[in-house]
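Residue numbers (numbering that gives the first Met the number 0), protein chains in the order written: chain A, 0 to 207; chain B, 0 to 340.
FYI, nobody ran anything at the bench for these hints, they're computed from the structure.
Part of the chain A face toward chain B, derived, beta carbon under 8 angstroms:
no., residue
1, Arg-35
2, Leu-37
3, Gly-123
4, Leu-125
5, Gly-132
6, Val-154
7, Ala-158
8, Gly-159
9, Gly-174
10, Arg-179
11, Thr-191
12, Gln-193
13, Glu-195
14, Gly-196
15, Leu-197
Backbone N, C-alpha and C fix where the C-beta goes; we use that ideal spot for every residue, glycine too.
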Amino acid sequence: MMKSAAAVLLGSLLAATAASGQRITAEALAMPIEYRTLFQGTELVESGTWLGGRVELSHRALRLEAAALAGSLGGADVRTTRLAARAAVLPWLEAGAAAEARRFSFAAGETRWRLYGLTAQALGDLGLPWLRGFGEITLMPLASGTSAVAPTSAVRGVAGIILAPPRGRLLVRFGYRFERFMVDDPASPGRTEQLEGLMLAAGLGIGR
Amino acid sequence: MIAALMTIAALQDPAALLERGRGQIDQLNADSAVALIQRAVSSGIAGPTRVRAFTLLAISELIRDNRLAARRAFEQALRLDNSLRIDSLADLHSDARVVFGEARTAVVPEIRVLLVAVSVPDSSLIVPGESSLAVELRPTGRARVVTTIAPLETPLDVIWSDTQSVDIAAVARWDLAGRQGGLAPDGRYVLRVTATDAGGQVAPSVERYLALSRVPVDTQPAPPPLDSGRLLPESYRVARAGSGRLIFSGLLAGGTLALPLLFGSGELGGGTRAVIAAGAISVAGLLGFFRGSRTFPIPENVAHNQQLREQDASLRGAIAASNARLAAAAPVVVRVEAAAR
Chain A
0 MMKSAAAVLL
10 GSLLAATAAS
20 GQRITAEALA
30 MPIEYRTLFQ
40 GTELVESGTW
50 LGGRVELSHR
60 ALRLEAAALA
70 GSLGGADVRT
80 TRLAARAAVL
90 PWLEAGAAAE
100 ARRFSFAAGE
110 TRWRLYGLTA
120 QALGDLGLPW
130 LRGFGEITLM
140 PLASGTSAVA
150 PTSAVRGVAG
160 IILAPPRGRL
170 LVRFGYRFER
180 FMVDDPASPG
190 RTEQLEGLML
200 AAGLGIGR
Chain B
0 MIAALMTIAA
10 LQDPAALLER
20 GRGQIDQLNA
30 DSAVALIQRA
40 VSSGIAGPTR
50 VRAFTLLAIS
60 ELIRDNRLAA
70 RRAFEQALRL
80 DNSLRIDSLA
90 DLHSDARVVF
100 GEARTAVVPE
110 IRVLLVAVSV
120 PDSSLIVPGE
130 SSLAVELRPT
140 GRARVVTTIA
150 PLETPLDVIW
160 SDTQSVDIAA
170 VARWDLAGRQ
180 GGLAPDGRYV
190 LRVTATDAGG
200 QVAPSVERYL
210 ALSRVPVDTQ
220 PAPPPLDSGR
230 LLPESYRVAR
240 AGSGRLIFSG
250 LLAGGTLALP
260 LLFGSGELGG
270 GTRAVIAAGA
280 ISVAGLLGFF
290 RGSRTFPIPE
300 NVAHNQQLRE
310 QDASLRGAIA
320 ASNARLAAAA
330 PVVVRVEAAA
340 R
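Given the sequences, and given the hints that come with them, work out the whole structure.
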């Protein structure tokens, strides 16, 4: 029921956006990840696959982005939600703010992280109108968590390519995503965690 | 003395004489009425008063049983006004309507029925601004004659009209004026003439169907479309994308590789995925660079082509204007058609 409603809402949004001369892109994405944690001098490695979606609305120089991912990580279910607002400061450069929430659900309970920061993205064609490259960096110095083990800051980087035929609506995005979290853990001073993933997304772009 | 003078004056006033005669009729003093009314008639009254005088005289004669004199008086009145009615006076004598009817029957053949004859040349050659279509109008009596022209498709949409007071004959001249000061275009039109006399009698309207057609004039043909062979290329294309694109893809690939190195922990492994992604970005960058191209404008050729296009447009405009002038001044043949088809 919720999925149907979301589909209808997304369809309406796409139609309304196309009619008003804006642009909206909606993607479904998959990301096999590798998650490494440095705990008490030992490297723990976990892997999994996260699935989710991303919607970006463009109106003149403004970009609004919402993304959600969910998947498993070791013994926990993870859900992340990200919101970002950027403005085009140069034809190829956008800068703005981002907020991300992440929930880890364990059998024994759950932990939530919240991170806030600044983001910038470079985007440009690679010589062919249907082939573009992008790179994004997000610094999140404001972070908090609901448990004693909580992030203090984070950094995230994404880079990749976008294939979008000029007269089509389909687009494919392939890229690399890296995240590092500095974590305050009384049991393990200097704890750090980092995520690496290759993401593949496919979606539609409607509007100019 | 004054009263005597007023009485004398009243005896000289035809209207007063007539009213006094009317009073004598009401009192059935027909002889006095006849005397007073004849005196009024002989005093030179005219117009509706004279018509009324003859009508009252006829009634008076009827009261005197002089039907013949009564009929003659009615005839006199009808000759002055053939639309005369005696409805309001008919009660004064039982035979009034009968005798009036006899008089009317005798006089009607004498009443001239208003007609209008219209004469248009079967075929005329009209030069706009120099000549016009002459429509000869001949009503059977003095009348106000209205001549109108309207397209046959929309006969109520009058595009030209002429109104004249005509005694015997007159000519209305249509200079082919159409709507909004322009000339009437080729097509079929209806010429309608109506006439109305002073008595309100309306003649049956007369219609003629006209066909307008321009005499073909020698116009200049439009020049052929601008030969694309005369246009110079306005830009040139260079194979390979700009070096900036290659640098951008290189920076992206390098940045991808640098992400785990710059921001990652030296104590944690990883980075293989960054190599894969950097490789994909590099391949895409090389593909874009080698398959891409750049286009540069050639300003002097753009200016040359623009000049050619402007000359072509100017020539076309001049020819179109010249042709329009010739067409506007072209003589028009106006033919009278037998009937609307």
